[in-house]
Amino acid sequence: MSSTPARLTPHAPAAALPAHWQGLLEALIEAACLVDGRTQRIIAANQAAATLWGRPLDTLVGGDVIDLAATPEDLLFWSQAAAEGGGLHSDTLIHRDDGSALEVERRVSPIQLDTGRPGWLVTLVDQSGRRQVEDELSRLAGELGATLDTSHEAILITDLSGAVRTYNRAFAQLWRLPDLPPRLCDSDQVRAAVRSTMPDALDYEQALERRLCSLRDSAHGCVSDRLQLRDRRVLERRLLPQYGRGQVVGWVQVWSDLTAELENQARLALASRVFDSSLDAILVADAEHRIVAANPAAERLCGGSARVLRSLRLDQLLTTDGEPVAPWLRLAERQQWEGPLTLDTPRGPVPLLASLVAHVAPAELGDERPGCIAVLRDVSERQAWRHQLQELRLTDTLTGLPNRRRLETLLRLALPDIDIDTAADGAADPKRPGMALLHVGLDRFKHINDTLGHRNGDRVLVEAAARLQQGLRTGDTVARLEGDQFVVLLPRCDAQTAELIARRLLQQLAADWVLDELRLSIGASIGVALFPGDGRQSQDLLLHAEQAMRRVKQRRGGDVRFYQPQMNIDRLARMKLDHAMRRALPQGRFSLHYQPQLDLRSGALVGAEALCRWHDTELGMVSPGHFIPVAEETGFIAELGDWVLREAVAQAVRWQAQGLRLPVSVNVSVLQFQQPGFVQRVAEVLAHAGLEARWLELELTESILADDLTQVQGQLQALAELGVTLSIDDFGTGYASLSYVRHLSIHRLKIDRSFIQHLPGDAGDAAIARTIVDLALALGLRVIAEGVETEAQHAHLAGIGCHDFQGFLCSPAVPAAQFEALARGRLAAPADPGTRRIA
Numbered sequence: 001m002s003s004t005p006a007r008l009t010p011h012a013p014a015a016a017l018p019a020h021w022q023g024l025l026e027a028l029i030e031a032a033c034l035v036d037g038r039t040q041r042i043i044a045a046n047q048a049a050a051t052l053w054g055r056p057l058d059t060l061v062g063g064d065v066i067d068l069a070a071t072p073e074d075l076l077f078w079s080q081a082a083a084e085g086g087g088l089h090s091d092t093l094i095h096r097d098d099g100s101a102l103e104v105e106r107r108v109s110p111i112q113l114d115t116g117r118p119g120w121l122v123t124l125v126d127q128s129g130r131r132q133v134e135d136e137l138s139r140l141a142g143e144l145g146a147t148l149d150t151s152h153e154a155i156l157i158t159d160l161s162g163a164v165r166t167y168n169r170a171f172a173q174l175w176r177l178p179d180l181p182p183r184l185c186d187s188d189q190v191r192a193a194v195r196s197t198m199p200d201a202l203d204y205e206q207a208l209e210r211r212l213c214s215l216r217d218s219a220h221g222c223v224s225d226r227l228q229l230r231d232r233r234v235l236e237r238r239l240l241p242q243y244g245r246g247q248v249v250g251w252v253q254v255w256s257d258l259t260a261e262l263e264n265q266a267r268l269a270l271a272s273r274v275f276d277s278s279l280d281a282i283l284v285a286d287a288e289h290r291i292v293a294a295n296p297a298a299e300r301l302c303g304g305s306a307r308v309l310r311s312l313r314l315d316q317l318l319t320t321d322g323e324p325v326a327p328w329l330r331l332a333e334r335q336q337w338e339g340p341l342t343l344d345t346p347r348g349p350v351p352l353l354a355s356l357v358a359h360v361a362p363a364e365l366g367d368e369r370p371g372c373i374a375v376l377r378d379v380s381e382r383q384a385w386r387h388q389l390q391e392l393r394l395t396d397t398l399t400g401l402p403n404r405r406r407l408e409t410l411l412r413l414a415l416p417d418i419d420i421d422t423a424a425d426g427a428a429d430p431k432r433p434g435m436a437l438l439h440v441g442l443d444r445f446k447h448i449n450d451t452l453g454h455r456n457g458d459r460v461l462v463e464a465a466a467r468l469q470q471g472l473r474t475g476d477t478v479a480r481l482e483g484d485q486f487v488v489l490l491p492r493c494d495a496q497t498a499e500l501i502a503r504r505l506l507q508q509l510a511a512d513w514v515l516d517e518l519r520l521s522i523g524a525s526i527g528v529a530l531f532p533g534d535g536r537q538s539q540d541l542l543l544h545a546e547q548a549m550r551r552v553k554q555r556r557g558g559d560v561r562f563y564q565p566q567m568n569i570d571r572l573a574r575m576k577l578d579h580a581m582r583r584a585l586p587q588g589r590f591s592l593h594y595q596p597q598l599d600l601r602s603g604a605l606v607g608a609e610a611l612c613r614w615h616d617t618e619l620g621m622v623s624p625g626h627f628i629p630v631a632e633e634t635g636f637i638a639e640l641g642d643w644v645l646r647e648a649v650a651q652a653v654r655w656q657a658q659g660l661r662l663p664v665s666v667n668v669s670v671l672q673f674q675q676p677g678f679v680q681r682v683a684e685v686l687a688h689a690g691l692e693a694r695w696l697e698l699e700l701t702e703s704i705l706a707d708d709l710t711q712v713q714g715q716l717q718a719l720a721e722l723g724v725t726l727s728i729d730d731f732g733t734g735y736a737s738l739s740y741v742r743h744l745s746i747h748r749l750k751i752d753r754s755f756i757q758h759l760p761g762d763a764g765d766a767a768i769a770r771t772i773v774d775l776a777l778a779l780g781l782r783v784i785a786e787g788v789e790t791e792a793q794h795a796h797l798a799g800i801g802c803h804d805f806q807g808f809l810c811s812p813a814v815p816a817a818q819f820e821a822l823a824r825g826r827l828a829a830p831a832d833p834g835t836r837r838i839a
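Per full-length UniProt numbering, the sequence shown starts with residue 1, numbered consecutively.
FYI, nobody ran anything at the bench for these hints, they're computed from the structure.
Each hint should be verified, as a subset may be incorrect.
Cross-link-like lysine to any residue pairs, in silico, SDA-like; alpha carbons within 20 angstroms at most [stated by the list, open to error]: (1) 553 / 624; (2) 553 / 514; (3) 446 / 481; (4) 446 / 632; (5) 446 / 456; (6) 446 / 513; (7) 553 / 616; (8) 446 / 767; (9) 576 / 543; (10) 446 / 741; (11) 446 / 515; (12) 553 / 628; (13) 446 / 523; (14) 553 / 542; (15) 576 / 515; (16) 446 / 355; (17) 446 / 764; (18) 553 / 460; (19) 576 / 616.
Start from the sequences and build out the full structure, keeping to the hints where you can.
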């Protein structure tokens, strides 16, 4: 068929139809015509059909319907209609008289004409307007979908029954729906996705129904609620009615994820709380360094209200080492800066530890230049505390003098400042004063401290510090090292001046000491080392001054001695002595001598003290006063003491086998007593030798009792339960001693020889001896005095109630064989150790 419509001319009129057919056609609203079923020609039409085709009615009747069609498919259509004889419906195009094609909806219904011939009633409806409407609706729907998809809020639109009509991309992402057009996701799938994320799906459905009911009851409005999902997200849901022609035709659900917003609000609230409650001062400044915010801590620190502070600039308040702080503020615009600053306040400058960090104001405020946040911490108290702590670290807490640490610092600072001109051979110019170091050690302080207690010992140290300071020149320094050891630093001092000052200090320390109406005799030993002759390093000077002081003490103290190189040689000799001792013990070069212990009144022999002696093949007879201190210093005393214990116990067994039943006393050093399993070791030695424990006495130095008293008490109790007799050697009583002796398993006290040698003339020693005896009697203990050499000492001790004594007045310590002969002449009856314990 040609695409150009045929120009129809009037045809011969068809056979006249009954009038009712024409009237029926004219009564129809739609365009209608009757078509002969055989010829497919129009035999009648109404005016609406003529108008639709755009031609006169008389030219339309008689025309071929196929010629009037605009699509080739119409040939097939009418052939199908003729073949099937049933009604047909289709959309098609018709040719209008002006050459245009018109889209129409065509309905063909078979009829029986009055002549009996078959025919069709054809009705045509113009579809061009509907298509325009559909296109417009499609365009609007596309625009609506695009608009919905641009929204960050999730939107769901349903009909009144809840069936899903559409939703946007945000809704699909929120509920993790498949990436399909909304029309391809059914309502059940959407509901299941929503319910699966709810902690309580039933509660969700009921809440939704209640809100929809409230919307139905109101003319207009919106209801909202918040829901928390299983994954802890918080959503806000708004429900709105959708209207069509004034009626509610559906529901619009708008979902907003509030999780990030609520978290931001919580962070802001927390930041605000931290800002307000921070103990650190916080100042916020803009790009011009003007303060725009200040927390309460800043108000307290700066001494002004936030309103006052907002009228100031950061660079008006802060400085650094007296310099403007502006450079640091500019640096903080690029990176965080931390360091010390100073705050100017009405009270004066306050040292700060500051942290400066940049911040950018929100863009809507119109200034995106970086500002500054200053976090300020007042460190004035910390600095004072650190200074105080440093002072404590460098100061002796008892005397207030510099301690060893500060002394070493002062020495390091002083040595480079001394102007020493040296000759070509390196010798110092004697005309140029150097520096002197005095090492001062109090004489007999240990006995005073042990006898009168640590409290009174501390009083002696404080008084000694004061006396030393009184005897110094301006610029001299006195420091306390430890115990009763002091060091005096004398800058710009030669040997002659050093000796004059040292002897003046000796006089001041030798003056009468009075503690609680008790007069004491306390002297000092002073060693002197000179710079640079005795050393150019601080440690060398300290060591050499101490060695000189030790040499004075070895010679009974109370004097001044300059360091000599020989003293350093002596130190090396002590090292060699230690090596020789360790070789001598396995070689059998040590032996025991025994000193008798007698009853003061009857003169009967009551015991023997075992004393160690050393005869070396190379060194000859080595004095105990020489090797015992070295053994204690090197730790060899523990091994040597164990040998003494075994040998003394074995000798006691041999004597008893010969009929000489006598208790044997053995000295125990601090280190030996502290050895793990010491009590068990004593028990093993006794068991191995076969000696009853009551025939062994252990003499403990009072320094043992100054250790952990609880542990010491446990060990002493275990030894007492073993049956061993216990005594305190070198004992000096006082209030401090009484506090522990009364609780310990002690049987006898020994008065040290230093308190005996000046009896009966020295009032102080006499008072100490009497105090020890009185204490022993009060506690039910026996007392023995050592170092008794004269009848006057013997008589004095007997007069104050002392029980036993030992010393040269009776006999020095002698070998075992010689002791046996002496003992048989003295021992009138077996000396039961039980007699040492009085009721």
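Now the hints, each set against the structure:
{"no.": "1", "hint": "553 / 624", "verdict": "holds, 16 angstroms"}
{"no.": "2", "hint": "553 / 514", "verdict": "violated, 23 angstroms"}
{"no.": "3", "hint": "446 / 481", "verdict": "holds, 16 angstroms"}
{"no.": "4", "hint": "446 / 632", "verdict": "holds, 17 angstroms"}
{"no.": "5", "hint": "446 / 456", "verdict": "holds, 11 angstroms"}
{"no.": "6", "hint": "446 / 513", "verdict": "holds, 15 angstroms"}
{"no.": "7", "hint": "553 / 616", "verdict": "violated, 26 angstroms"}
{"no.": "8", "hint": "446 / 767", "verdict": "holds, 17 angstroms"}
{"no.": "9", "hint": "576 / 543", "verdict": "holds, 19 angstroms"}
{"no.": "10", "hint": "446 / 741", "verdict": "holds, 18 angstroms"}
{"no.": "11", "hint": "446 / 515", "verdict": "holds, 16 angstroms"}
{"no.": "12", "hint": "553 / 628", "verdict": "holds, 16 angstroms"}
{"no.": "13", "hint": "446 / 523", "verdict": "holds, 12 angstroms"}
{"no.": "14", "hint": "553 / 542", "verdict": "holds, 17 angstroms"}
{"no.": "15", "hint": "576 / 515", "verdict": "violated, 44 angstroms"}
{"no.": "16", "hint": "446 / 355", "verdict": "violated, 55 angstroms"}
{"no.": "17", "hint": "446 / 764", "verdict": "holds, 15 angstroms"}
{"no.": "18", "hint": "553 / 460", "verdict": "holds, 19 angstroms"}
{"no.": "19", "hint": "576 / 616", "verdict": "holds, 13 angstroms"}
When the structure is compared with the earlier hints, violations turn up for hints 2, 7, 15, 16 and for no others.
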